[in-house]
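There are 4 protein chains.
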Amino acid sequence: MSDQDKTVKISAETWSKLQTLYQTELKDIDLVVEEAVQAYLKNLETGSLSNGQPQNALRRPEATFKPQTHLRQIPVVPGEAAVLFIDVQNYNCHKDGAEMQGLPPDTPVDYWWKRMEETAPKWVQLRDTCREAGIEVMYTVIQSLTADGRDQSLDYKISGFHVPPGSFDAEVLNCIAPGPDEIVLPKTSSNVFASTNIDYILRSLGVKFLILAGCLTDQCVESAVRDACDKHYYVTLVTDACATFSQERHDNSLRTINGFCRQRTVQQLADEIAQAKK
Amino acid sequence: MSDQDKTVKISAETWSKLQTLYQTELKDIDLVVEEAVQAYLKNLETGSLSNGQPQNALRRPEATFKPQTHLRQIPVVPGEAAVLFIDVQNYNCHKDGAEMQGLPPDTPVDYWWKRMEETAPKWVQLRDTCREAGIEVMYTVIQSLTADGRDQSLDYKISGFHVPPGSFDAEVLNCIAPGPDEIVLPKTSSNVFASTNIDYILRSLGVKFLILAGCLTDQCVESAVRDACDKHYYVTLVTDACATFSQERHDNSLRTINGFCRQRTVQQLADEIAQAKK
Amino acid sequence: MSDQDKTVKISAETWSKLQTLYQTELKDIDLVVEEAVQAYLKNLETGSLSNGQPQNALRRPEATFKPQTHLRQIPVVPGEAAVLFIDVQNYNCHKDGAEMQGLPPDTPVDYWWKRMEETAPKWVQLRDTCREAGIEVMYTVIQSLTADGRDQSLDYKISGFHVPPGSFDAEVLNCIAPGPDEIVLPKTSSNVFASTNIDYILRSLGVKFLILAGCLTDQCVESAVRDACDKHYYVTLVTDACATFSQERHDNSLRTINGFCRQRTVQQLADEIAQAKK
Amino acid sequence: MSDQDKTVKISAETWSKLQTLYQTELKDIDLVVEEAVQAYLKNLETGSLSNGQPQNALRRPEATFKPQTHLRQIPVVPGEAAVLFIDVQNYNCHKDGAEMQGLPPDTPVDYWWKRMEETAPKWVQLRDTCREAGIEVMYTVIQSLTADGRDQSLDYKISGFHVPPGSFDAEVLNCIAPGPDEIVLPKTSSNVFASTNIDYILRSLGVKFLILAGCLTDQCVESAVRDACDKHYYVTLVTDACATFSQERHDNSLRTINGFCRQRTVQQLADEIAQAKK
Numbered sequence: 001m002s003d004q005d006k007t008v009k010i011s012a013e014t015w016s017k018l019q020t021l022y023q024t025e026l027k028d029i030d031l032v033v034e035e036a037v038q039a040y041l042k043n044l045e046t047g048s049l050s051n052g053q054p055q056n057a058l059r060r061p062e063a064t065f066k067p068q069t070h071l072r073q074i075p076v077v078p079g080e081a082a083v084l085f086i087d088v089q090n091y092n093c094h095k096d097g098a099e100m101q102g103l104p105p106d107t108p109v110d111y112w113w114k115r116m117e118e119t120a121p122k123w124v125q126l127r128d129t130c131r132e133a134g135i136e137v138m139y140t141v142i143q144s145l146t147a148d149g150r151d152q153s154l155d156y157k158i159s160g161f162h163v164p165p166g167s168f169d170a171e172v173l174n175c176i177a178p179g180p181d182e183i184v185l186p187k188t189s190s191n192v193f194a195s196t197n198i199d200y201i202l203r204s205l206g207v208k209f210l211i212l213a214g215c216l217t218d219q220c221v222e223s224a225v226r227d228a229c230d231k232h233y234y235v236t237l238v239t240d241a242c243a244t245f246s247q248e249r250h251d252n253s254l255r256t257i258n259g260f261c262r263q264r265t266v267q268q269l270a271d272e273i274a275q276a277k278k
Numbered sequence: 001m002s003d004q005d006k007t008v009k010i011s012a013e014t015w016s017k018l019q020t021l022y023q024t025e026l027k028d029i030d031l032v033v034e035e036a037v038q039a040y041l042k043n044l045e046t047g048s049l050s051n052g053q054p055q056n057a058l059r060r061p062e063a064t065f066k067p068q069t070h071l072r073q074i075p076v077v078p079g080e081a082a083v084l085f086i087d088v089q090n091y092n093c094h095k096d097g098a099e100m101q102g103l104p105p106d107t108p109v110d111y112w113w114k115r116m117e118e119t120a121p122k123w124v125q126l127r128d129t130c131r132e133a134g135i136e137v138m139y140t141v142i143q144s145l146t147a148d149g150r151d152q153s154l155d156y157k158i159s160g161f162h163v164p165p166g167s168f169d170a171e172v173l174n175c176i177a178p179g180p181d182e183i184v185l186p187k188t189s190s191n192v193f194a195s196t197n198i199d200y201i202l203r204s205l206g207v208k209f210l211i212l213a214g215c216l217t218d219q220c221v222e223s224a225v226r227d228a229c230d231k232h233y234y235v236t237l238v239t240d241a242c243a244t245f246s247q248e249r250h251d252n253s254l255r256t257i258n259g260f261c262r263q264r265t266v267q268q269l270a271d272e273i274a275q276a277k278k
Numbered sequence: 001m002s003d004q005d006k007t008v009k010i011s012a013e014t015w016s017k018l019q020t021l022y023q024t025e026l027k028d029i030d031l032v033v034e035e036a037v038q039a040y041l042k043n044l045e046t047g048s049l050s051n052g053q054p055q056n057a058l059r060r061p062e063a064t065f066k067p068q069t070h071l072r073q074i075p076v077v078p079g080e081a082a083v084l085f086i087d088v089q090n091y092n093c094h095k096d097g098a099e100m101q102g103l104p105p106d107t108p109v110d111y112w113w114k115r116m117e118e119t120a121p122k123w124v125q126l127r128d129t130c131r132e133a134g135i136e137v138m139y140t141v142i143q144s145l146t147a148d149g150r151d152q153s154l155d156y157k158i159s160g161f162h163v164p165p166g167s168f169d170a171e172v173l174n175c176i177a178p179g180p181d182e183i184v185l186p187k188t189s190s191n192v193f194a195s196t197n198i199d200y201i202l203r204s205l206g207v208k209f210l211i212l213a214g215c216l217t218d219q220c221v222e223s224a225v226r227d228a229c230d231k232h233y234y235v236t237l238v239t240d241a242c243a244t245f246s247q248e249r250h251d252n253s254l255r256t257i258n259g260f261c262r263q264r265t266v267q268q269l270a271d272e273i274a275q276a277k278k
Numbered sequence: 001m002s003d004q005d006k007t008v009k010i011s012a013e014t015w016s017k018l019q020t021l022y023q024t025e026l027k028d029i030d031l032v033v034e035e036a037v038q039a040y041l042k043n044l045e046t047g048s049l050s051n052g053q054p055q056n057a058l059r060r061p062e063a064t065f066k067p068q069t070h071l072r073q074i075p076v077v078p079g080e081a082a083v084l085f086i087d088v089q090n091y092n093c094h095k096d097g098a099e100m101q102g103l104p105p106d107t108p109v110d111y112w113w114k115r116m117e118e119t120a121p122k123w124v125q126l127r128d129t130c131r132e133a134g135i136e137v138m139y140t141v142i143q144s145l146t147a148d149g150r151d152q153s154l155d156y157k158i159s160g161f162h163v164p165p166g167s168f169d170a171e172v173l174n175c176i177a178p179g180p181d182e183i184v185l186p187k188t189s190s191n192v193f194a195s196t197n198i199d200y201i202l203r204s205l206g207v208k209f210l211i212l213a214g215c216l217t218d219q220c221v222e223s224a225v226r227d228a229c230d231k232h233y234y235v236t237l238v239t240d241a242c243a244t245f246s247q248e249r250h251d252n253s254l255r256t257i258n259g260f261c262r263q264r265t266v267q268q269l270a271d272e273i274a275q276a277k278k
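Residue numbers (the UniProt record's numbering), protein chains in the order written: chain A, 1 to 278; chain B, 1 to 278; chain C, 1 to 278; chain D, 1 to 278.
Think of the hints as simulated: they come from the structure by calculation, not from any bench. Some clues are possibly wrong.
One copy or two, either will do: identical chains are not told apart, so a pair holds if it fits within one copy or between any two.
[To be verified] Derived PhoX-like pairs: lysine-lysine, alpha-carbon spacing no greater than 25 Å straight-line:
id, residue 1, residue 2
1, Lys6, Lys157
2, Lys66, Lys208
3, Lys9, Lys42
4, Lys6, Lys17
5, Lys95, Lys66
Turn these sequences into a full structure, and let the hints guide you.
Written out as structure tokens, the structure is:
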């Protein structure tokens, strides 16, 4: 401190706090104030410290909320797209599947099997449309890597989903059986991004647009929609190529994740892709 | 092939396929059959090839579905637990928050502010209960690392969530302002696991039980529940310490993710923790 | 099986194995052979099962090894590039840094301080070159999120690297102090990709080219080079903007990771970037 | 401000900066100083803001460097351990492997084949020791999921490592062919953690101790050591069960990563495990 120091005023309350805080360590409050102001200036100069929370209210940056939802609606570019069929497999979609034998008695199985009948042709149409357009066709199935399932996630161990490799239940439903050189990813989590390397593979493939279908709409499919959206993909959910245990659950799910994806029927998507070719 | 070869029969149809397939390459069908049977035996011996799908139906492994849902109900062990407050910040929970200024006109804001009033004391109780029990108290807030938001995810750029560091909107709601040395993670994705290193931090901290609260119940909170469950955590969702834009949406979300977490009120959780101490 | 069945031969040894295997379950070896051949044909048709290992040697796909190393040499595109300064901070680069006080007595500190003197201007030149070209300038520092370091990785706890937030040691070296709105990522792992969300941020920023510099060449820098390469980035290592505890270690590291990155001096990179502008 | 305000002094230089900064916005420097001191006090109270960098030098937290390297030496607990064989496959370890046909003419192949001969029995011993002790035995191989390799990482495309599924080259070396129900993970990155879900699987299996072996010592093996260490595993590198293209490269690698793992010969590890059983 020197002769040229300037005099300023601070509130009695703040002065008192400083006094209390530093009395045993430091008598000279001026030094503390000097340091405080210098720190404050440094924060102002840098605007903001990354990850940090500068405290200068006079020039605080302002938050905004300006959705540009039209950007989520951009059409699929086939050469940068993949379709993923989620859990369309015997375990839960075939009458002989093990999960279907163990469901609680109040499960609305009649609705389910009717829905399966309606959805199967949608899966076929979606698969054919994508193959024809040169879109990568991928599948994920509930399946462990070991016969005893020891590699299953904690959740799948609790949920009791045990589908060993090589089992009938692990197979993709016959109507859309994987073609030559199409990728099938076994998973032991609801969200395919959690337990598989799909994000890595999609990046390797140059995929930016992810088309999702399968079941259950509000379980594994919804989890995939949410994470794909968070992981920088443009997500198209094919609404009539998804199924869950009631129409109400299906509709609720579509509403809930409306902000994370765009939603199209198979036919709408097929039309869009056909249009893109012209 | 030698004198000791054994004679077997295969169907005409299969024989014909082999014939067609190999006629230009190989005349001797016996060699192909020999190889096929050896491959088949090898598959049988190894039981299953990891990641592979052996095709031997005679001894195929069997899938099962045996939920053990009681395992999801095990009580929180405080020394291995963390509570995470999700998006309890000025941006969307304070009347001056920027998001609240930009909502569509049909947003049920009356419900929302009433809910905020009811929920705030629950957050405080939850925070205090956890702190007292030695449970790690953590926060995540919608916030970019840069003032211009260029580090935001594609989704947040589309959604228009712009909360710069140092802004009023980035601050945790004052009623549960972070205490000394509590961790706050800025995020630019709905699911906190997608855009932050929280999974790494939780592992470093030795956390196995994750308690979740905040808003919106059916958006960022639900995404966190789903991913935490998939990532091997025992998840407790604190139902009355969550909020979204209608009671119906809140209830639907709880039902939908019932299989991914256990659900408790703040008081139930507090009682459980008090019980654990005895 | 029918009248039209065809007769084929299999080796006695294989026949015997089948006999042994199935005697208690199945008398009719023909059925097993039929199934084996059908499985074999199915494998042939699909070419390969994803993740699986079909066993048909006759038409096995062929591996190749055809490096295209010129592709790793493509020049940085400034608008899609970031430079990351690794651990250029007081803890280990400043004479008052805590790590430098605790090094084993046989550490070649004379070499180190000389190297620091030479490297500091390189860091400045690199930083200035990148800023001017519009390349994103980023920093990572050894730093925990908590004052007691409980969030440190197991490795950092063992290694004893304790750098609390707000400490002198956590600061980037003054000569390249972060500018306004530049990102600084605290880390508690050698490899910045392991303990931070840098991969997420780089994707958000649209970065494809990653320029790496800092210290130690053969520790944290090398780990970052390896992982960045594996994570689909084009990596440029700036050789004279890296340092470690001996010239030999430095040179060995550059040789070892030559296949994971291209290597340039600051001047070479500056020339390349200047050239790109023309 | 009130009558009870206290007078303090700040340096002329700081005062001048404030003046410059605020002249057009704010005449009253006292208000700025008050805010600065309050912000400073708030930082002091919270000790440190997570992720932030408070600037109060008077009470800055202190960094330390206190290695506890004995903690890295704790012996493997078999029930919580896995061994991973890295790239011990025909592609690069068998005389007919495709990579071995394409190596540059100056590759020291004589050294390599001699080394392979010495190392093969070590792999067998390591595999047998681990199996016997109930340690999970795992393998990773260079292999794409598609016949045309389109799912390969950018790095593998550049490096030209093309190993389709079902190829001879994708097979683990016969001497340690995977047993029934052992996990094999195909990868298209140097670091197995980058392109596979191994971290997820290890967590599902409850693995804390990771034993690493294979080749090349200073390439894929070293990358795995580094990342496993960063990902909270206790890593044991089995030195004589690793190989690279020269003894010098091998030795350099072991020295470089000495801080990331403990290093044992197969025999030392076998003795330790035998000891643990007693």
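Worksheet item: Looking back at the numbered hints, which does the structure fail to meet, lowest number first?
Response: 1
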